[in-house]
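A.B. asks: Add chains B and C to chain A, keeping to what the hints say.
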Amino acid sequence: MWKYLLKRFLLMFPTLFGVAVVTFFLIRVIPGDVVELRLAGDRGSVSDDVLRQERARFGLDQPVWKQFVVWTTGVARLDFGTSMWTGSPIWDEIKLRFALSLQVAVMATVIAVLLALPLGVLAALKQDTWVDYAVRIFSIAGLAVPSFWLGIVFILAFLIIFRWLPPMVYTPFWVNPWQNILQLIWPALAVGYRYSAVATRMTRSAMLEVLREDYVRTARAKGLVQRLILVRHALKNAMLPVVTVIALEFAFLIGGLVVTEQVFNLNGIGLLLVQAVSHRDYTLIQALVMLVAGIFIVVNFLMDGMYAWLDPRIRYR
Amino acid sequence: MAITSPIDQAATLETEPSSSARGWAAVRDFARRRTLGAIGAVVVLGMIVVGVFAGPLAPYDPLAVDFGAMLAAPSTAHWLGTDAFGRDVLSRLIHGSRTALLVGFGSAVVGATLGAVIGVGSAYFGGRLDLLLQRFMDIFLSFPLIVLALALVAVLGNSIPNVILAITVPMIPRAALVIRSSALAIREMPYVDAARAAGFGHARIILRHMLPNVIAPYLIMLTAFLSQAILLESSLSFLGLGVQEPTAAWGLMLRGAAVDFAEAAPWMALFPGLAISLAVFAFNLFGDSLRDALDPKLRTL
Amino acid sequence: MRDRTMWLVSALVAFAFVVSAGWGAPAFAQDKPRHGGELIFVVPSEPPSYDAHQEETFGLIHPTAPHYNTLMRVDPFDKTGTKPVGDLAESWAISKDGLVYTFKLHKGVKFHDGAEMTSKDVKASYDKIIFPPAGVKSLRKESYSSVEVVEAPDPYTVRFRLKYPESSLLLNLASPWNWIYKADILSKDMHWYETHVMGTGPFTFVTHVKGSEWVGKRNPNYWDKGKPYLDGYRARFVTSSAQQVAAVRAGRAHIQFRSFSPPERDQLVAALGDKITVQESPWDCLNFVSLHHEKKPFDDKRVRRALSLALDRYEASKNLSKITLVKDVGGIQVPGTPYATPPAELEKLAGYGHDIAANRAEAKRLLREAGVPDGFSFTLKNRGIPHPYEPLGIWLIDQWRQIGLNVKQEFVEPAAYYPMLKRGDFEVTMDFQCGFIVEPDLDLPRFVSTSDANYGKHKDKELDELYRKQARAVDPEERKKYVRAFEKRLLDEEAHVIYTLQWHRIVAHSAKVKGWTITPSHYLNNQLDTVWLTE
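Residue numbers (my numbering), protein chains in the order written: chain A, 1 to 317; chain B, 1 to 301; chain C, 1 to 535.
Okay, chain A solo, but in the shape it has when bound (with noise of 0.2 Å):
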């Protein structure tokens, strides 16, 4: 058991330099670079010498295996340096936009996990009723409806029935949590909407393999309470797979929502992201996708651990 955890714990490095190696070069391919962007601005031209200074400055004028080898001893000591657009250290840059995205992911969760069991388990129960027909049709609506045009449609009605708009400054929860809440129930429902649509399919399946169980079907005749009494022991092994999923999306929400945070004007990590990717930001990029693989990776080790301790089988594969 713990020489499996202590593996799965090593592995976790050569991913996470992995992704470290794939992020520092895919976004030297891509043309252009900060000194460039900053400094062409909306009149766009600008002499070679100042842009060589620049570049120096930074160190971008470097071979860039060496650029390499300083930023990666610089993260081995958790050193992210400053931001190459703004100046700033790394940190400041991220903290409250780490704060705002880890919130929405949790809200989202809550949202999600209180729609998706009762929903899940109900379908179930009542598989190829009406009732289950209604619920798949209600979550894989939630798959389909595109995020960003269910943002427009929500702040649209806002403006025309309400005449009102959510705040627009972020807010921390412990400086005023109904202005805080205000701002970040919507977002977090319509992402909580489309992510409950997975997890209660995944509930609904785990659901109908426990009903297959041979001691639950002999139950059938009993009546609908006893059954679910039945089920609950069996239940918690089949909900692994679901606590999986929520697990996993959980960690792809704190970076992954780039069109919502866009839509609902949230200043989260998604966002930042692809602001960091459009001023070529290197410093910024590099922090903020080791962030978020790393929240990724460390989510699936504990996953992994978690069915490790559940499941003595695959200690051995």
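If you're looking for bench data, these hints aren't it; they were derived computationally from the structure.
The structure displayed is predicted, hence computed values, not measured ones.
Treat the hints loosely; a few may be bogus.
What the hints assert, rightly or not - Using C-beta positions, here's what the derived DEER-type ranges look like:
| # | chain 1 | residue 1 | chain 2 | residue 2 | range |
| --- | --- | --- | --- | --- | --- |
| 1 | A | 162 | C | 425 | 27 to 35 Å |
| 2 | C | 424 | A | 99 | 22 to 30 Å |
| 3 | A | 102 | C | 425 | 22 to 30 Å |
| 4 | A | 87 | C | 85 | 30 to 38 Å |
| 5 | B | 195 | A | 99 | 51 to 59 Å |
| 6 | C | 32 | A | 102 | 48 to 56 Å |
| 7 | A | 167 | B | 219 | 46 to 54 Å |
| 8 | C | 459 | B | 278 | 51 to 59 Å |
| 9 | A | 87 | C | 365 | 50 to 58 Å |
Beta carbons: idealized from backbone N, C-alpha and C, even for Gly.
C.D. replies: Just chains B and C now, kept in the frame of chain A:
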């Protein structure tokens, strides 16, 4: 086992290799037992027909600018109205279905197939190759999709093949993981060992024994990817990273003027949004039912 | 003769325009400026560093300019944005030979830390801009190449000595980028201003929350007594334009200083009626088409002229102005400004005539003559920005289709766009230019053959000579003559580039906002000292 173990668990296969006869009967059976899926299939077929016959079906040239008719509301002349350039929305929707189908099928087929090749190879040969491929898959799985898409478009430009590529890259590791775990189960089967003992070559064993048995998960991934690709394409187009004006594409129709005129000319944003939703919805219905029919346990999509 | 009269008339009109704008705003003075209130505005982009000497985005000017003063400024009530007035300078004098500019500074001007601002600070700031030491970047160094030295003979006098006379210098000193910094700070750390704020302006710095907002508060010790009127301001960073409009509509912001699009304006007016004030102006920005002169068939001026002749600019002006940020048909100077060509004369340029059928027939003839087959195909590179690039691209392609050309469009990601231009990786591309003050010396250098920004790589000695002549001309009438000749050569005879329509700036803001006048530049007039709120 990294990211794979939950999926390994969920995906142990137990489908019997189905005899391919009884084709028509199977379709009828599917339609009867899985009504929702059949409805989805009909919509998908309809969409394909519209896409193929877009030229004769569309009442107007989708590219023809006509300032005289700009921002016209739905009428008998323009059933779904016109956009800011006076272009017929219905005609652009019809031609847009081509883009959606092309990108959808293109990326789903490429993504699922490459994933299958890697997954089967990884499972069959095992050992170091497996370990190495798994790390690569892990890296691409955890890599933020948007950065990949931005980079690809910035380097290669916005043509349809590049959009397909951008959508495909993150699909490959997902397909590879699922198919690898199915293939692993097959690889442990006695008859594969027997075939190897009998001295059959790798190619033959893979073709004869491994591939037929991963067809179910392959088809399931394929249909799931189809709807995801259509949705992704529209998101990318909306962000300006997909196909480009004046090409007709649904996500593109939601960009720019559609948002500007959302209130004054709501038909511009409404119909493309509905078209995307309907298409993705139908593909999902069909895909779900197909999955239930082929392999009820494979859920981690 | 007739032209002359026309010119006189339009000059008079322009004059009346300036005067009415200049005096028009104080004419509102029946409603006397009210003190108090917090102005809330949205900014579509965020500041990179805080040092305007090395930045070039309105994303810095809008939130940060209220903390600073400049030596000169553009009259905040001049709608043409071309009239220099003093800011820190109380008065100025130019020597007869045009080689010495002497400025007297206001007394009692204090930095926000309490220290007095003197000529030493102005000199240090301009030395940083014109003669930056190694490792310090200055974007506008080249604009001051005529300056030999900046002197500070006494605490309230600043002198600029020139190598040769340059008539545009005074306006150039009104540049909104040339904030006056504190000499003591600069002498210790030239990079300090990249991450800090310390000026003499009407508002003091409170906070900048990244990705969220920038807050300024009234400077109680401001040297211009009675100003500013506002208690403070709050700049909110909102990237999505739909959200910006929604913010003004829902009363969560008063104004966005860059521009809205026509449909956004209409939406606000329809929803809020007289609670919205709309100010519009031709914008000192313009998209034009650059053609790569080293690639066939665009080396042939007949082909280039044909592409310009195909455009129905007047029809487009009428229709595109309903959907995107363009409007006026103009030449190389913003319509209505001192050196602009009046419409009657402009019509004589190729592609500016009203008879579009004749123009297109001529275009087809030129293409045939140049051996370009019917259905000839090429790619237009365009910048992936919704307004006005994308609609303009769609329009161009449609226009060219009508003379038998089959043009494809390829959008280039905004960040990759500039490198693409520099590499010359295009046949035909959308190009752009944007200035802060309308002035030939600032707008035209990029068309000189040796310019870094001559992306189409034309080589035209005659054009270069015309540029040099207009820059050195002292008499305005003579200068106008050369500017016209330059225009005719650039757009008509050689058709090196193809102008589309002048951008059109639309600021639709809450009617509560008073004392702010639109100009042709979104870089100008953001000090906010004259702005006030009715409630």
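A.B. asks: Confirm or reject each hint.
C.D. replies: Here is what the structure says about each hint:
1. 162/A to 425/C: 27 to 35 Å: The hint (27 to 35 Å, Cβ to Cβ) is violated, given that residue 162/A and residue 425/C are roughly 49 Å apart.
2. 424/C to 99/A: 22 to 30 Å: Given range 22 to 30 Å: violated, Cβ gap about 45 Å.
3. 102/A to 425/C: 22 to 30 Å: Since residue 102/A and residue 425/C have Cβ atoms about 41 Å apart, the given range 22 to 30 Å is violated.
4. 87/A to 85/C: 30 to 38 Å: Distance hint for residue 87/A, residue 85/C holds at roughly 33 Å.
5. 195/B to 99/A: 51 to 59 Å: holds (57 Å)
6. 32/C to 102/A: 48 to 56 Å: Given a distance of about 50 Å, which is inside 48 to 56 Å, the answer is holds.
7. 167/A to 219/B: 46 to 54 Å: Check passed, 47 Å falls within 46 to 54 Å.
8. 459/C to 278/B: 51 to 59 Å: Holds, since residue 459/C and residue 278/B (Cβ atoms, about 56 Å apart) stay within the stated range.
9. 87/A to 365/C: 50 to 58 Å: Taking Cβ atoms as reference, residue 87/A and residue 365/C lie about 57 Å apart, which means the hint holds.
Consistency with the previously given hints fails for numbers 1, 2 and 3, ordered from lowest to highest.
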